[in-house]
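Engineer: Chain order of the listed sequences is W and Y. Heads up, the first sequence is in the numbering used here, so the first residue is 1 and it goes up one at a time. Heads up, the second sequence is in the numbering used here, so the first residue is 1 and it goes up one at a time.
For the record, the hints were derived by calculation from the structure and aren't laboratory data. Hints may be right or wrong, so weigh each one.
Taking CB as the label site, the calculated pair distances span [to be verified]:
| no. | chain 1 | residue 1 | chain 2 | residue 2 | range |
| --- | --- | --- | --- | --- | --- |
| 1 | Y | 65 | W | 755 | 51 to 61 Å |
| 2 | W | 755 | Y | 49 | 34 to 44 Å |
| 3 | Y | 117 | W | 738 | 22 to 32 Å |
| 4 | Y | 226 | W | 661 | 49 to 59 Å |
| 5 | Y | 65 | W | 389 | 57 to 67 Å |
| 6 | Y | 160 | W | 710 | 27 to 37 Å |
| 7 | W | 618 | Y | 226 | 50 to 60 Å |
| 8 | Y | 226 | W | 725 | 49 to 59 Å |
| 9 | W | 609 | Y | 65 | 33 to 43 Å |
| 10 | Y | 65 | W | 424 | 37 to 47 Å |
Backbone N, C-alpha and C define an ideal beta-carbon position, used for all residues, glycine too.
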Amino acid sequence: MRGYILSITFWGKYTYLWLKNEDGVQQLKLRYHPVIYSKVRKDIQADFQVIRRHKACHSVSKDFAVCGSDNAYPEDVIRIEIRSPPQLKSMVKFLHKQKFTLFNSDIHPKEKFFADTSSFPLALCDIQVEDDLEFSITMLEDVYDPLYKILPLSVMKIDIDIDTESHVFPQWSDPLRSVDLSYRPSNKMPEPEEFLDPDRHRGFRHRIEGDEQSILLCLRDAVEIYDPDVLLIEGGDSFKLNYIAHRVKEHGLIKNYFLGRLKKRMRPSPTVGSQSYMSYGMILHRNTPSYIPGRIYLDPLNSFFYMDSGLSGLTELARLGGVPPDRCARNSIGTVLTAMEIKIACDSIPRILVPEIKAKGEKVKSSKELLAADNGGIIFPALPGLYEGIWGIDFASLYPSIMMNHNISSETVLCNCCVDSPDHIVPEVNYHICSKRYGIVSQAMKLVLSKRLNYKYMKRSCDSPEIYEHLDQIDSALKWVLVSAFGYLGFRNAKWGSIESHQCVTAYARHYLRIAEEIAYEEGYETIAGITDSLFVRSIPGTEDSPAKMESLIYKISKATGVPMNIDGYFNWIVFANVRDSPHISALNRYYGCYKTGIVKIRGIESRKHSTCNLIKEFQSELLGLLSLQKNKQEFLSALSHCEKKLLKWQQKVKCGVKRTDLVIKIRSGRGSKGYNSNLIQADVAREYDRKGKPIEPGQSMRYIVRDFHGENRVIIEPELTKDSPYNVEWYLSLLEKGYLDLLETVMLQEYGEIKLPKLEKASTLNSYFS
Amino acid sequence: MPHLIFNRASSISNPKEMTLNPDNLELLSSVLNSWEGGYLYLMEGPNMKGIHRDIHWVMFQASISGWETTLIDAANCFNPQLLDSYAQQNSVETSDILQSIQISRPFQMFQAASIVDKVYQQLSGEAGKIIVVTRFPSMFYDPSASEAQDSGLTTGELFHHSVGLLQRLAHKGNVVILTEKAQTPEDTKLGFAVNVHIRFDQVGTEYTTAQLLSHPTYPGRTAKQKMQKPKKSIHQLSLEDFF
Numbered sequence: 001m002r003g004y005i006l007s008i009t010f011w012g013k014y015t016y017l018w019l020k021n022e023d024g025v026q027q028l029k030l031r032y033h034p035v036i037y038s039k040v041r042k043d044i045q046a047d048f049q050v051i052r053r054h055k056a057c058h059s060v061s062k063d064f065a066v067c068g069s070d071n072a073y074p075e076d077v078i079r080i081e082i083r084s085p086p087q088l089k090s091m092v093k094f095l096h097k098q099k100f101t102l103f104n105s106d107i108h109p110k111e112k113f114f115a116d117t118s119s120f121p122l123a124l125c126d127i128q129v130e131d132d133l134e135f136s137i138t139m140l141e142d143v144y145d146p147l148y149k150i151l152p153l154s155v156m157k158i159d160i161d162i163d164t165e166s167h168v169f170p171q172w173s174d175p176l177r178s179v180d181l182s183y184r185p186s187n188k189m190p191e192p193e194e195f196l197d198p199d200r201h202r203g204f205r206h207r208i209e210g211d212e213q214s215i216l217l218c219l220r221d222a223v224e225i226y227d228p229d230v231l232l233i234e235g236g237d238s239f240k241l242n243y244i245a246h247r248v249k250e251h252g253l254i255k256n257y258f259l260g261r262l263k264k265r266m267r268p269s270p271t272v273g274s275q276s277y278m279s280y281g282m283i284l285h286r287n288t289p290s291y292i293p294g295r296i297y298l299d300p301l302n303s304f305f306y307m308d309s310g311l312s313g314l315t316e317l318a319r320l321g322g323v324p325p326d327r328c329a330r331n332s333i334g335t336v337l338t339a340m341e342i343k344i345a346c347d348s349i350p351r352i353l354v355p356e357i358k359a360k361g362e363k364v365k366s367s368k369e370l371l372a373a374d375n376g377g378i379i380f381p382a383l384p385g386l387y388e389g390i391w392g393i394d395f396a397s398l399y400p401s402i403m404m405n406h407n408i409s410s411e412t413v414l415c416n417c418c419v420d421s422p423d424h425i426v427p428e429v430n431y432h433i434c435s436k437r438y439g440i441v442s443q444a445m446k447l448v449l450s451k452r453l454n455y456k457y458m459k460r461s462c463d464s465p466e467i468y469e470h471l472d473q474i475d476s477a478l479k480w481v482l483v484s485a486f487g488y489l490g491f492r493n494a495k496w497g498s499i500e501s502h503q504c505v506t507a508y509a510r511h512y513l514r515i516a517e518e519i520a521y522e523e524g525y526e527t528i529a530g531i532t533d534s535l536f537v538r539s540i541p542g543t544e545d546s547p548a549k550m551e552s553l554i555y556k557i558s559k560a561t562g563v564p565m566n567i568d569g570y571f572n573w574i575v576f577a578n579v580r581d582s583p584h585i586s587a588l589n590r591y592y593g594c595y596k597t598g599i600v601k602i603r604g605i606e607s608r609k610h611s612t613c614n615l616i617k618e619f620q621s622e623l624l625g626l627l628s629l630q631k632n633k634q635e636f637l638s639a640l641s642h643c644e645k646k647l648l649k650w651q652q653k654v655k656c657g658v659k660r661t662d663l664v665i666k667i668r669s670g671r672g673s674k675g676y677n678s679n680l681i682q683a684d685v686a687r688e689y690d691r692k693g694k695p696i697e698p699g700q701s702m703r704y705i706v707r708d709f710h711g712e713n714r715v716i717i718e719p720e721l722t723k724d725s726p727y728n729v730e731w732y733l734s735l736l737e738k739g740y741l742d743l744l745e746t747v748m749l750q751e752y753g754e755i756k757l758p759k760l761e762k763a764s765t766l767n768s769y770f771s
Numbered sequence: 001m002p003h004l005i006f007n008r009a010s011s012i013s014n015p016k017e018m019t020l021n022p023d024n025l026e027l028l029s030s031v032l033n034s035w036e037g038g039y040l041y042l043m044e045g046p047n048m049k050g051i052h053r054d055i056h057w058v059m060f061q062a063s064i065s066g067w068e069t070t071l072i073d074a075a076n077c078f079n080p081q082l083l084d085s086y087a088q089q090n091s092v093e094t095s096d097i098l099q100s101i102q103i104s105r106p107f108q109m110f111q112a113a114s115i116v117d118k119v120y121q122q123l124s125g126e127a128g129k130i131i132v133v134t135r136f137p138s139m140f141y142d143p144s145a146s147e148a149q150d151s152g153l154t155t156g157e158l159f160h161h162s163v164g165l166l167q168r169l170a171h172k173g174n175v176v177i178l179t180e181k182a183q184t185p186e187d188t189k190l191g192f193a194v195n196v197h198i199r200f201d202q203v204g205t206e207y208t209t210a211q212l213l214s215h216p217t218y219p220g221r222t223a224k225q226k227m228q229k230p231k232k233s234i235h236q237l238s239l240e241d242f243f
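Chain W on its own, in the form it takes in the complex:
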């Protein structure tokens, strides 16, 4: 049977798989036997006997594979097929007790299905099922090919409205008021007509109201009749899906209530699982995902990829990594990257087996060597101030390109096979890189980089806005993979990561930026600033400056480094900010400038921060809009007086009263409601959420406005906000001032030697703050 694998579920000893084709969605019942591998202990026949003793063993045979990517050559291994996925755990436990060294045993079962069967989700395949439910899958398309037919998916969005009455946050016992359904027969992509079912090809929006039981039954029937491939429930993972299960149980409907394509009962739980974790120094929070069998169930609030890259981006990543789209949507980029690398390892010839644990630690070296090696990207700090006539040039995907070009992967850096006669030595750190094997990470980078390059070209030549959007979503998803690939290389649990390979990448990046700076100087450009992979240069007075000359410069740099360099743009003016309280020290990551086209580029200023309220974002945007009309440094300076007027106008606005939603500040709690001992404002916000019935976990977001910064009731949380809620005028005025100085402090200090602020009219009484 031909079709696209939509979803898989393991239930009992069977695997259920849903295949979408011209005839609709077909449910297949299969016997899937997960495969794990083991090293031979002493005698392979004796090992076979031990393994066969376990009841979960389906078959055992001899195979030939590379045991972990640190080994260069294949060897005899034991291939063990297990009867069914639920028995995998007990078999692994048994083999550990017997001191077998296992491979491919800690891969998530759904990803393992695709790795073992060499298949991919949402890609065209042919499945042959025998009478005894044994099966084989043949892929009919190459997932690495950038041109492929997009599977049209029918989408149903469910919005539920809960009657919360007296309390702020809903509870399991609150009754359901109504359900809004929207249905779309397929996603926006162009679709072949044969996929459309003539009876249900029109989308609709519908509100279900009435008594709670009939709402619930109506919802169940709608899902059953329209049978969507994708179910979207905003907040489903954090509350709503479990809430529906509670309401269904309350009405005694649990036995016959199914939202999936399999008759598997919903199970209401008294609490919703969640996890707080640390990533890049930030504490983040994620709800435990729920899955609905047979459908791609997504919670947009718990899915970064879906929100950022849409269904097209999600499809691309699911195909590349062999990860079911609902799991792909909820996991980190690292999980997708690892899945991609596992796929590459499993499809290698000979097969590379994935070890269970990553035990390769940092090489023992002298602390002098460590100091030389453990550096990040290079920065040429700018002298703070306003500049004009600056070119911005940057390397395209510098770190991933280095990983690809220089074969950087954990198994290739400081490999054992080239230790005596190293061909490739990394500058500065003096590590050698393997010249005999191509690393798994490098292969993954090659795959993603080449795909992205293709999509970039396709985007340029695309006329259709719909196809452009689709390509753009894929491009965005691939970009996220590339952006995270370098960081993930140094992650402690990354299967193919190591500190040394991480250090090699930054060493090459520093080397290349220095080369770029030298070539620019030789060509008549002086460097104003440089940040890791980009340079800001201007022509040395007396030398020619033209776009053609700049094109020639970036060609020379690209040729010398092997990494393509792009012209970011020509800035009419650009401001490199200073650190607070130190006018002569550059802030390094805080600058803004206006391209010749009038578009403004901002980095590190208040508007870019997630926590900043709309008031400041709009204020800074208005200032930047005004400044973007200025063509050079002189005009910029003459516009400063207009900026002062804008500040006064916005201050007046705040005094007179602004939309309360524009004042909302969003922060992430580092410690959760129970973790604060201090009197910080975030502690107050977390406690307020707790008081109103929603305890905050570390990493969860909180939204609030400041009511009285120095008083007892300092904040109002967003769910309690009304259009007349009081707010602390003085505090928000100081925020405006901060936003103003954030942009213009450096320029004022450079030009006037001091900070000039327009005089504010102070409010005479406390009551006037709350007017």
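Following the hints, position chain Y against chain W.
Structural biologist: Leaving out everything else, chain Y in the frame of chain W:
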């Protein structure tokens, strides 16, 4: 057995500088006269920063006394600037100090176990080295490693294996020092596995204490010291001052 005896007062040329960062050194020297080869030491207490500053001083002293140090830095606390300041105070070349300290940083328990294994293989035939392992037990009780723990090798097995190797290294005449933040979990029995156990604590807001809980030859003892408040910390310096 080789002996390491560090006399802090004679070797630090600028004691005033040391008072800027109140730490446990005075206390340590009150309860422990010397670092002796052949022993496994455990230093624990809530103020990990202080303990790790002391460890840097120990490594520095060892280095100028001609000893080589291997630092398994699970706490990722290695601070070359601190060593540099000690070197400058004592007119010693910083690069010589850095060259004598071998370092490796594990970031999860499997790496910690494999690095201990590697160090054991490298040093098993040698004596008279200093091996420092920071944040040693808690690396094996990392809740985020739960996924990896499913792989059959239990945390306990790995931990006991690593402690065994470190004990053997100590037994061959090396000085092995472990640091830990909290009181050692009872089930690990690390307190019984080490030869010398020192705990630093805080009494109220004014005093810090050092307790020698176990030692093969000395009886248990406690030293108490008034906490010194820094007059000016590095955070209070302006950036211009700093540069």
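Engineer: Against this structure, judge whether each hint is valid.
Structural biologist: Checked hints:
no.	hint	result
1	65/Y to 755/W: 51 to 61 Å	holds, 55 Å
2	755/W to 49/Y: 34 to 44 Å	holds, 37 Å
3	117/Y to 738/W: 22 to 32 Å	violated, 53 Å
4	226/Y to 661/W: 49 to 59 Å	holds, 54 Å
5	65/Y to 389/W: 57 to 67 Å	holds, 60 Å
6	160/Y to 710/W: 27 to 37 Å	violated, 56 Å
7	618/W to 226/Y: 50 to 60 Å	holds, 55 Å
8	226/Y to 725/W: 49 to 59 Å	holds, 51 Å
9	609/W to 65/Y: 33 to 43 Å	violated, 51 Å
10	65/Y to 424/W: 37 to 47 Å	holds, 40 Å
Hints 3, 6, 9 from the list above are not met by this structure, while the remaining hints are.
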